[in-house]
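K.L.:
One letter stands for each residue in the lines below.
2 protein chains.
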Amino acid sequence: MIHAVIMAGGKGTRFWPVSTPERPKQLLRLFDERTMIEQTMLRLQPFIPTERQYIVTIEEQVEEFARQVPGLRPDVFITEPFARNTAPCIGLSAVHLSKIDPEAIMVVLPADHRISDKDAFHETLQTACNFVDESDGIVTIGIHPVRPETGYGYIQYERDEFRPGTHRVVTFAEKPNRETAIKFLETGEFLWNSGMFIWSVQRILSELEEHTPELHSALMEISDALDDPNGADRIYRAYQSIKPISIDYSVMEKTRNAYVVPASFGWSDIGSWEEVYQLDEDRDVNDTVQHGPVVTIDTKGSYVVSRTDLPLAVIGLDNVVVVQTDEGTLVCPRDRLQDVGKASEIIHKLKS
Amino acid sequence: MIHAVIMAGGKGTRFWPVSTPERPKQLLRLFDERTMIEQTMLRLQPFIPTERQYIVTIEEQVEEFARQVPGLRPDVFITEPFARNTAPCIGLSAVHLSKIDPEAIMVVLPADHRISDKDAFHETLQTACNFVDESDGIVTIGIHPVRPETGYGYIQYERDEFRPGTHRVVTFAEKPNRETAIKFLETGEFLWNSGMFIWSVQRILSELEEHTPELHSALMEISDALDDPNGADRIYRAYQSIKPISIDYSVMEKTRNAYVVPASFGWSDIGSWEEVYQLDEDRDVNDTVQHGPVVTIDTKGSYVVSRTDLPLAVIGLDNVVVVQTDEGTLVCPRDRLQDVGKASEIIHKLKS
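Protein chains in written order, with the working numbering: chain L, 1397 to 1748; chain B, 1397 to 1748.
Just to be clear, a hint being listed does not mean it is correct.
Taking lysine-lysine and the DSS-like style, the derived pairs with C-alpha atoms no more than 27 Å apart in a straight line are [what the hints assert, rightly or not]: (1) L:K1650 / L:K1579; (2) B:K1696 / L:K1696; (3) L:K1696 / L:K1495; (4) L:K1696 / B:K1495; (5) B:K1571 / B:K1639; (6) L:K1639 / L:K1407; (7) L:K1650 / L:K1571; (8) L:K1696 / L:K1650; (9) L:K1747 / B:K1738; (10) L:K1696 / B:K1745; (11) L:K1639 / L:K1745; (12) L:K1639 / L:K1738; (13) L:K1696 / B:K1747; (14) L:K1495 / L:K1571; (15) L:K1407 / L:K1571; (16) L:K1747 / L:K1407; (17) B:K1738 / B:K1639; (18) B:K1639 / B:K1495; (19) L:K1745 / L:K1407; (20) B:K1696 / L:K1738; (21) L:K1745 / B:K1696.
To be clear, the hints were calculated from the coordinates, so they are not data collected in a lab.
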């Protein structure tokens, strides 16, 4: 059976002052009245029904998730004691799933994507799942790049199909500088690494065993402890021993079984206010987005939003993000949004 | 006797979001725990004692003044039904004073100046009052210019003293463009027009009669009505008929009796957030002023203040003013502060 694991453990500090440690990005209602996690879950249906969807997140966020997303079944959560990057998170999920369904095909999805064409999304997933079913490969969804983005990893792939809709991966490339990104685009041989993966639980566990044996040992200890009614401490200690490592670095860059299915759907990674600005079609003649009691004078290409009753005035600044909420106010040029997380962390320390 | 008239009818919209229509600039506590009007009153003592100080303001502000500045005597206010620029405001004050003391010497002061040396300030006023006493001239206080400011009027004066500390005025020049302001400074013959005036009430009333006979007629009607127990309506109607006009345009630029006493004290006109920034000595290594729960990253030459408990983060912007209060948030480059009043007015309309 096909199961979905939605990775939702991020802190979303880049979305301060809308996101906070208590209200992470996955719980934001950035585009409509639904949280990003709900949008991700709905988007999978009916291809993967709700009862085979899991949310993997860190322990301190579970309560808030349950409060903000009513109607979740109690066993929807796969809980990490604390964040250890993507490989342990995925490994833990595979251990959980293997107990529910040892033959499970596992679709791993970040909770912060925006996808415009649900049918095409399901078709792409179907292609990937069919391939996994036949060949037991490690599959990633690739996105046709539309700009020399330096914030994503890239996948070099064989242009000829290996199976219908599926291509062999030549290499994974980490986030490039701008010059390299431009070269990648010129070759036509590179896709963006979306962070969406499809594989069988057995295959990913054996890949982790091969490439990260220490992590695999800890996962096997956790697997045992899950069957032990008094195993909570063992799980905690085993997880504590794990070194943080990404799935790209631990498995994708090393495996000989990597394949890519290029996406046929519109895709955005909601990584910063930039994407929220880009996806908002409600612009004025100056290409500025304004929501709430906002006044702008000579302000071009900007995102100016007050999520409170209090007015917000921006004068004579271009390409800035100004967001006011009942948590505070952010003022940042669009090309400095990578520093919002840093500011958010300083503010969090000020408060505690 | 010497009497002081403090002009305090301004709206201070340039200080949004700290100032509001209900909390004009004169009532702000920008530098210490005292309002600007209290600072102005204290600064005059003992040269002009409290009982000979008057505040001229518009009717809608009187109640708030009385609330914010406790201990004011009931007859401290000279009340304009509505704002009509400086000439009617000064004329009305002269009419009031002439009933209290027909021989009064009248010292007119804006409520939004910051003056660093009180003794030197009193000496300058004494020089001006002595001259008025002897010659019945029209006297203005001139400020030695320290930059080619385009926001002030200028006074060209005879460098040789006419009487000790007092010079004849050659001409009044309206706010110049930058090029002209630079030329003014180069000649050494120009002072800034501070908007502080000293004259006898009889002299200013006769100057107004000569240069603005319509205004003078309205003032005489008001003078009559003040002696009429049922005169409130007459005062209102007479004031309504008055055309707004500045004292510079109506009298100073036309009189043949204009003199200037150059100030020997440090002086700032608190006209915008720029002066508040300039006068604040509490700067970080980036020449940025920070007050309240504020985080700045790579922010030079800026004024970043949160007057609430809410954090405020500014990243990667230089020479900006960002002020957050429980009325809202302002984001504005220091060289665009002249537009704050415009934004404030739009916001005020949004709210009503």
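K.L.:
Now tell me, hint by hint, if it's right for this structure.
P.N.:
Cross-check of the supplied hints:
1. L:K1650 / L:K1579: The given pair, whose Cα atoms are some 23 Å apart, holds under the 27 Å limit.
2. B:K1696 / L:K1696: Status holds; Cα separation ~22 Å.
3. L:K1696 / L:K1495: Not satisfied, since the Cα-Cα distance of roughly 54 Å exceeds 27 Å.
4. L:K1696 / B:K1495: Violated, at about 57 Å.
5. B:K1571 / B:K1639: Since the Cα atoms of B:K1571 and B:K1639 sit roughly 22 Å apart, the hinted pair holds (cutoff 27 Å).
6. L:K1639 / L:K1407: holds, 19 Å
7. L:K1650 / L:K1571: It holds: about 17 Å lies between the C-alpha atoms, which stays within 27 Å.
8. L:K1696 / L:K1650: Since the Cα atoms of L:K1696 and L:K1650 sit roughly 45 Å apart, the hinted pair is violated (cutoff 27 Å).
9. L:K1747 / B:K1738: Violated, at roughly 35 Å.
10. L:K1696 / B:K1745: Holds. L:K1696 to B:K1745 sits at ~23 Å (cutoff 27 Å).
11. L:K1639 / L:K1745: holds, 25 Å
12. L:K1639 / L:K1738: holds, 23 Å
13. L:K1696 / B:K1747: holds, 24 Å
14. L:K1495 / L:K1571: Violated. L:K1495 to L:K1571 sits at ~35 Å, over the 27 Å cutoff.
15. L:K1407 / L:K1571: holds, 21 Å
16. L:K1747 / L:K1407: Since the Cα atoms of L:K1747 and L:K1407 sit roughly 17 Å apart, the hinted pair holds (cutoff 27 Å).
17. B:K1738 / B:K1639: OK: B:K1738 and B:K1639 at ~23 Å, within 27 Å.
18. B:K1639 / B:K1495: Holds - the C-alpha atoms of B:K1495 and B:K1639 are around 24 Å apart, at most 27 Å.
19. L:K1745 / L:K1407: holds, 15 Å
20. B:K1696 / L:K1738: holds, 18 Å
21. L:K1745 / B:K1696: holds, 23 Å
Taken one by one, the earlier hints fail for this structure at numbers 3, 4, 8, 9 and 14, listed in ascending order.
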